[in-house]
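Each chain is listed here by its residues.
There are 2 protein chains.
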Amino acid sequence: MANPKVAGPEIERLIQLLAKIPGLGPRSARRAALHLIKKKDQLLVPLAEAMGIAVDKIGVCSTCGTVDTSDPCAICTDPRRDQTMLVVVEDVADLWALERAAALNVRYHVLGGTLSPLDGIGPEELNIASLVERLQDGEVQEVILAINATVEGQTTAHFLTDQLASLNIKITRLAHGVPVGGELDYLDEGTLSQALKARTQF
Amino acid sequence: MANPKVAGPEIERLIQLLAKIPGLGPRSARRAALHLIKKKDQLLVPLAEAMGIAVDKIGVCSTCGTVDTSDPCAICTDPRRDQTMLVVVEDVADLWALERAAALNVRYHVLGGTLSPLDGIGPEELNIASLVERLQDGEVQEVILAINATVEGQTTAHFLTDQLASLNIKITRLAHGVPVGGELDYLDEGTLSQALKARTQF
Chain A
21 MANPKVAGPE IERLIQLLAK IPGLGPRSAR RAALHLIKKK DQLLVPLAEA
71 MGIAVDKIGV CSTCGTVDTS DPCAICTDPR RDQTMLVVVE DVADLWALER
121 AAALNVRYHV LGGTLSPLDG IGPEELNIAS LVERLQDGEV QEVILAINAT
171 VEGQTTAHFL TDQLASLNIK ITRLAHGVPV GGELDYLDEG TLSQALKART
221 QF
Chain B
21 MANPKVAGPE IERLIQLLAK IPGLGPRSAR RAALHLIKKK DQLLVPLAEA
71 MGIAVDKIGV CSTCGTVDTS DPCAICTDPR RDQTMLVVVE DVADLWALER
121 AAALNVRYHV LGGTLSPLDG IGPEELNIAS LVERLQDGEV QEVILAINAT
171 VEGQTTAHFL TDQLASLNIK ITRLAHGVPV GGELDYLDEG TLSQALKART
221 QF
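Which chain is which? The protein sequence lines are A and B, in order. When we follow our numbering, the leftmost residue of the first sequence carries the number 21, and every step to the right adds one. When we follow our numbering, the leftmost residue of the second sequence carries the number 21, and every step to the right adds one.
Chain A on its own, in the form it takes in the complex (with noise of 0.2 Å):
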């Protein structure tokens, strides 16, 4: 920018930090900045006082990995929760997906990404470890890889399972197939292969 002080260092800075949210860039930023200076009462003094809150209290579950503001997290110490299954989740908003889709009323593990050997990402860098020594106590008899279809996914959710397999538990997967409401015509073949050797009867 030509005159980066056209607003004062204070409005700047809230300009810059607000272009580091995934979603937002540098011109979006401003115009988002100049939004929260114009809702000040309605919008910037509570998001401020809910980002002071969240800073405060809200930290990673040490059991499952999940963000929540107690630790255990409340899904871990829910005992309504099935204690027989385990899912196993590559993030935080996959289990949150999961959670929306209310499917399941089950308990959670999140791995913090998938085994990526050229980043550096190995399976000490994932929560693997504590995966294991979830599982040590045997009451847990089914394992959900909810892991994302990609490649490191399913590279991830092999190796999960080679260091399972002495565990004596049952391991499974997503099905594939035709999403809810999806067309065939824009589907891929790898999708649409799958959904035909998975077909159930009607």
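Some hints could be false.
Which copy is meant is left open, so a pair is good if it fits within one copy or across any two.
Said to hold, decoys possible - Result set (EDC-like, lysine to aspartate or glutamate): computed pairs, CA atoms no more than 16 Å apart in a straight line:
(1) Lys190 x Glu162
(2) Lys190 x Asp157
(3) Lys77 x Asp61
(4) Lys190 x Glu159
(5) Lys59 x Asp111
(6) Lys40 x Asp61
(7) Lys77 x Asp91
(8) Lys60 x Glu30
(9) Lys77 x Glu30
(10) Lys60 x Asp76
(11) Lys40 x Glu69
FYI, nobody ran anything at the bench for these hints, they're computed from the structure.
Please build the complex by placing chain B on the supplied structure of chain A, with the hints as guidance.
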């Protein structure tokens, strides 16, 4: 959402507030919240601080209507700026855009919008009275209307021209023409027609 309290009310509130920022929707607000929580020390803490400072310090300049940490703002009090020209803009964002272009070292007047009778925005809702007031002392010799080239913007420009007619001040507007770097093939007929009419000696 089927299970809104998946991650505690504090995180849900943060997501709801982030979703009100222009450029972020409900889905990207969740992603933003997760990113902020994960980058707590690098991003969430400094952003919460910057917002707190913005809440405490940033206000509207009572002279020109822009936002700044001082009133009158740094631009209005800058003695090196040309006191004989005043640039009228719709919004603070437009002022920032002109300052980034750094084409003129002048002062500004922010209208706060455009006339829009259907939305109930008449002359009283805009900073027009304060503009007329500012021009009374005769120091300003040229008013540049840097108002958007929309129907509402041009209506507002005509209204302002009528209001300022009795003051005997030169009123100018931004030139229409081909954007720098623009290709003729992609330009609308109105712009091309104006660019031809206002052609200059090569």
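Tested hints:
{"no.": "1", "hint": "Lys190 x Glu162", "verdict": "within (5 Å within a copy, 80 Å between copies)"}
{"no.": "2", "hint": "Lys190 x Asp157", "verdict": "within (15 Å within a copy, 85 Å between copies)"}
{"no.": "3", "hint": "Lys77 x Asp61", "verdict": "between (23 Å within a copy, 13 Å between copies)"}
{"no.": "4", "hint": "Lys190 x Glu159", "verdict": "within (12 Å within a copy, 84 Å between copies)"}
{"no.": "5", "hint": "Lys59 x Asp111", "verdict": "between (33 Å within a copy, 14 Å between copies)"}
{"no.": "6", "hint": "Lys40 x Asp61", "verdict": "between (24 Å within a copy, 13 Å between copies)"}
{"no.": "7", "hint": "Lys77 x Asp91", "verdict": "within (10 Å within a copy, 36 Å between copies)"}
{"no.": "8", "hint": "Lys60 x Glu30", "verdict": "within (15 Å within a copy, 20 Å between copies)"}
{"no.": "9", "hint": "Lys77 x Glu30", "verdict": "between (26 Å within a copy, 8 Å between copies)"}
{"no.": "10", "hint": "Lys60 x Asp76", "verdict": "between (22 Å within a copy, 10 Å between copies)"}
{"no.": "11", "hint": "Lys40 x Glu69", "verdict": "between (19 Å within a copy, 15 Å between copies)"}
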